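Input sequences plus hints: build the corresponding full structure.
Residue numbers (this note's numbering), protein chains in the order written: chain P, 1 to 462; chain W, 463 to 686.
One should not assume that every hint holds.
[To be verified] Straight-line C-alpha distance at most 27 Å; calculated DSS-like pairs for lysine-lysine: (1) W:LYS619 with P:LYS341; (2) P:LYS373 with W:LYS614; (3) W:LYS603 with W:LYS616; (4) W:LYS614 with P:LYS341; (5) P:LYS98 with P:LYS59; (6) W:LYS616 with W:LYS663; (7) P:LYS334 with W:LYS666; (8) P:LYS334 with W:LYS619; (9) P:LYS334 with P:LYS373; (10) P:LYS116 with P:LYS59; (11) W:LYS616 with P:LYS341; (12) P:LYS373 with W:LYS616.
[Unchecked claim] Computed, partial: chain P to chain W, Cβ under 10 Å: (13) LEU252; (14) ARG253; (15) PRO255; (16) ARG258; (17) GLU264; (18) ALA284; (19) ALA295; (20) TYR327; (21) LEU330; (22) ASP333; (23) ASP358; (24) GLY426; (25) ASN427.
[To be verified] Derived coverage of chain P by chain W (criterion: at least 3 residues anywhere in the stretch with Cβ under 8 Å from a Cβ of chain W; other residues may be distant): (26) 317 to 326; (27) 365 to 373.
Just so you know, these hints were derived from the structure itself, not from any lab.
Source: prediction; values computed, not measured.
Each residue gets a CB set at the ideal place from its N, CA and C atoms; glycine is no exception.
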Amino acid sequence: MARGIVSVKIKLPRLSLSLKFALSIGGVFFLINFIFEGIVSETSEHFMEKEIDSRLQTKINDLNEVYDLGGITLLQTLIDRRARQELSASKIYLLTDKTYRKLSGNIPAWPEKVPKTAGFTELEDDHTTPLEYRFLSRPLGGQYHLLLGLDTTKEEELEDQVFIVFLGALLLSLCGGTIAGVILHRGLKKRLSLISATCSEIMLGRFSKRIPVSRTSDEIDVMGHTLNSMLDRIETLMDGIRHVTDNIAHDLRTPLTRLHGRLERLVPLTENDENRKLVEAAIAEVDQLLVTFSALLSITRLETGELETNFAPMPLGSLIEDAIEIYEPLAEDKGQNIILKDTLSGQSVAGQILGDRDLITQCFTNLIDNAVKYGPANSTITITLSAVETGAEIVIHDAGSGIPENEQSNVLERFYRVESSRNLPGNGLGLSLVAAVLRIHNGQLKLENHNGFQVTIILPSQ
Amino acid sequence: MRALIIEDDLEVADFVSQALAESGFVTDSVHDGREGLYMAANENYDIIILDRMLPGKDGLSLLRTLRATEITTPVLLLSALGEVRHRIDGLHSGGDDYMVKPFSVAELVARVQVLLKRTLPSGGETELTVGDLRIDLLSRKATRAGKTIDLKPKEYKLLEFLMRHAGQVVTRTILLEQVWDYNFAPQTNVIDVHMSRLRNKIDKGFNVELLHTIRGAGYCIRED
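Rendered as structure tokens:
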């Protein structure tokens with residue numbers, strides 16, 4: 001079902017390029033800052049820990065030396081004195097016997113959380129005291145244990161502060177990067193929209209338009225120059241096609257007029273009824289040739305943007321009603337019923353659909369013609385007219401066998417006819433004309449096999 | 463009735479002239495613009511058939527000159543240029559109708575008849591009759607031999623147009639333009655179906671057929 005979708009319109013980007021650009025710049029800033037700050041914070045933390053450890057090590061070595069020289073009594077005296085001096089509890093001294101009972105020091109007992117082995121221990125804030133310590137314990141001569149502790153609250157606070165500063169820097173870089181991205185991209189976007197707008201105009205057939213190029217010669221200007229050279233080439237090709245179609249128009253029409261005239265003159269001169277029928281059939285053939293020829297010429301002129309159109313607000317509801325009205329007897333003869341469901345008329349968008357009345361009417365009659373021709377006898381053809389986000393939607397549904405999905409995009413090409421319908425009258429230009437007309441209206445065309453065959457047209461509002 | 467044909471293609475001019483002669487016109491043919499202007503200005507014609515592209519003087523500027531000198535003879539333009547804009551240009555320059563080549567001669571004659579009828583002043587009539595068929599232009603009702611005929615709005619419009627041109631051949635293209643306001647031919651010949659509906663409504667059950675199909679040309683409503 002989806003394969004038959006032939007969109008003539010360019011879709012708008014869902015996430016604007018500008019936003020993506022800004023966010024990615026912000027993101028990159030953020031990532032770099034994050035990594036950098038991670039490294040700095042790890043290094044500083046490590047450095048501070050080493051610093052504390054070496055202070056503890058020096059002190060414990062000093063005390064060890066005191067013990068070696070003066071024995072336990074001297075050490076005990078020294079620790080008592082130090083403990084008395086240490087009122088702020090920023091340093092902890094504890095000397096115990098070998099069963100870890102206190103001999104002297106400024107804490108009552110060996111802290112529970114400090115293992116009774118030699119080495120460093122970090123004691124985090126455990127809510128009983130707001131302080132944080134790093135301890136070093138060491139056995140003295142197999143008889144005693146010495147425990148030293150240093151308050152690390154200040155170091156931790158410093159680390160916290162560094163973390164907050166880094167966090168701020170991180171957020172700042174994200175915002176700064178995003179703002180820088182927005183500003184940078186705004187200029188870029190302006191230039192890209194200009195290119196986009198020019199391309200849209202060209203697609204509507206104004207092949208002489210060119211992309212404005214500034215004198216800075218940056219990448220966008222280079223692209224503009226390249227696109228303009230491409231457009232020069234397309235314009236030359238289009239001129240060629242236009243020239244050829246003009247020649248066809250002028251060189252074939254006069255001889256065809258003569259042929260028609262001669263055949264018409266032959267009719268009254270032909271006595272024999274059978275011969276006259278032959279001549280009349282020949283006239284009908286020339287007429288059919290002419291219809292095909294005119295349709296082909298119209299499509300080419302629409303595609304080369306040469307056909308001058310007369311865009312005005314269109315009363316879509318009444319155009320469709322008229323087209324249905326003209327086909328109604330034909331449908332009735334086949335036992336078909338054409339139903340119009342119009343929820344568009346009366347809505348404000350109804351007055352905002354601009355288009356060329358003749359061309360749009362021709363689209364409608366071509367599509368209704370197909371629905372009557374390919375829909376089965378005694379079936380219903382439903383035409384729905386409604387407002388959608390982008391404008392007006394016209395859906396024409398018949399109960400026919402539809403177009404095989406692999407042929408759906410081909411039917412928009414000139415002279416292409418679906419295998420199963422080659423025996424029915426038609427020139428294979430009906431849908432090509434519809435597609436060409438919709439292209440110059442910036443509309444969309446969708447073909448689907450959907451309980452029959454369904455053609456959806458969207459005409460944009462202005 | 464006198465007709466002037468200004469057309470540089472001799473064969474086209476010849477068969478247009480012949481077809482108009484068969485319909486009762488006295489025709490003059492000229493093959494370049496200057497001569498055409500001279501004839502149009504000095505003789506009294508009822509209709510001028512003018513090719514848009516001519517040697518000597520371009521068809522459109524000839525037409526503008528004619529209109530500037532207040533010669534109001536109806537002009538039917540012929541052209542190989544079929545775009546809407548060309549048509550509009552032609553009509554803006556003072557043309558009364560526009561035909562694109564290749565055209566059928568029967569179509570041309572029918573259009574000339576319609577044009578001549580259009581230029582006659584309408585007498586403010588309130589009803590039209592063909593035989594015992596009658597339409598009331600005010601109440602938009604149709605009757606045949608006193609019996610009311612039930613018509614849809616477009617059918618009424620179609621019948622009114624045919625009756626205004628009673629006795630003239632009206633082509634399918636003319637009907638599409640005048641009744642439906644369509645400047646193109648739909649892919650299938652829908653007009654014939656409409657005409658057979660209309661014929662069913664006005665002729666069925668009556669001895670005299672009023673709506674006639676003219677082979678290779680179109681339709682005509684007349685009494686005989």
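Hint check:
1. Note on LYS619 (chain W) and LYS341 (chain P): the hinted pairing holds, with a Cα-Cα distance of about 26 Å set against a maximum of 27 Å.
2. Straight-line distance between C-alpha atoms of LYS373 (chain P) and LYS614 (chain W) comes to about 24 Å, which keeps the hinted pair within the 27 Å bound.
3. Among the hinted pairs, LYS603 (chain W) with LYS616 (chain W) is consistent with the structure: their alpha-carbon atoms are about 13 Å apart, no more than 27 Å.
4. For the hint pairing LYS614 (chain W) with LYS341 (chain P), the CA-to-CA distance comes to about 21 Å; that is within 27 Å, so the pair holds.
5. This hinted pair checks out: LYS98 (chain P) and LYS59 (chain P) have alpha carbons roughly 21 Å apart, not beyond 27 Å.
6. Taking the CA atoms of LYS616 (chain W) and LYS663 (chain W), the gap is near 13 Å; set against the 27 Å cutoff, the hint holds.
7. Taken as a hint, the LYS334 (chain P) and LYS666 (chain W) pair is honoured in the structure, with Cα atoms around 21 Å apart against an allowance of 27 Å.
8. Between LYS334 (chain P) and LYS619 (chain W), the direct Cα distance comes to roughly 25 Å. Compliance with the 27 Å bound is thereby established for this hinted pair.
9. At roughly 9 Å between alpha-carbon atoms, LYS334 (chain P) and LYS373 (chain P) fall within 27 Å of each other, so this suggested pair holds.
10. Under the criterion of a C-alpha separation no larger than 27 Å, the hint pairing LYS116 (chain P) with LYS59 (chain P) is consistent with the structure, at around 19 Å.
11. Distance restraint check for LYS616 (chain W) and LYS341 (chain P): the Cα-Cα separation of roughly 21 Å lies within the 27 Å cut-off, and the hinted pair is therefore satisfied.
12. Between LYS373 (chain P) and LYS616 (chain W), the direct Cα distance comes to roughly 23 Å. Compliance with the 27 Å bound is thereby established for this hinted pair.
13. Checking LEU252 (chain P) against chain W by beta carbon gives a least distance of about 8 Å; that is within 10 Å, so the hint holds.
14. A hinted interface residue such as ARG253 (chain P) counts as satisfied when its beta carbon comes closer than 10 Å to some beta carbon of chain W; here the least separation is about 4 Å, so the hint holds.
15. Here the hint on PRO255 (chain P) is kept, as its CB sits about 8 Å from the closest CB of chain W, short of 10 Å.
16. Look at ARG258 (chain P): its Cβ gets to within about 5 Å of chain W, closer than 10 Å, so that hint holds up.
17. Because the smallest distance between the Cβ of GLU264 (chain P) and any Cβ of chain W comes to about 5 Å, under 10 Å, the interface hint for this residue holds.
18. About 9 Å separates the beta-carbon of ALA284 (chain P) from the nearest beta-carbon of chain W, less than 10 Å, and the hint is met.
19. Evaluation of the ALA295 (chain P) hint against chain W yields a held restraint, the C-beta minimum of about 9 Å falling below 10 Å.
20. Interface restraint check for TYR327 (chain P): the shortest CB-CB distance to chain W comes to about 6 Å, inside 10 Å, so the restraint holds.
21. For the restraint placing LEU330 (chain P) at the interface with chain W, the shortest Cβ-Cβ distance is roughly 5 Å, inside the 10 Å limit, so the hint holds.
22. Evaluation of the ASP333 (chain P) hint against chain W yields a held restraint, the C-beta minimum of about 7 Å falling below 10 Å.
23. Hint on ASP358 (chain P) holds. Least Cβ distance to chain W is approximately 6 Å, under the 10 Å limit.
24. Annotation: GLY426 (chain P) was flagged as interfacial toward chain W, and the flag holds, the nearest CB pair being 7 Å apart, inside 10 Å.
25. Against a cut-off of 10 Å between C-beta atoms, the interface hint on ASN427 (chain P) holds, since the closest Cβ of chain W lies about 8 Å away.
26. Judged by the Cβ-Cβ criterion of 8 Å, the stretch 317 to 326 of chain P is covered by chain W as claimed, because 3 of its residues qualify and three suffice.
27. Against chain W, the stretch 365 to 373 of chain P contributes 5 residues with a C-beta closer than 8 Å to a partner C-beta. That satisfies the three-residue criterion, and the hint holds.
Every hint, counting from the list given before, is met by this structure.
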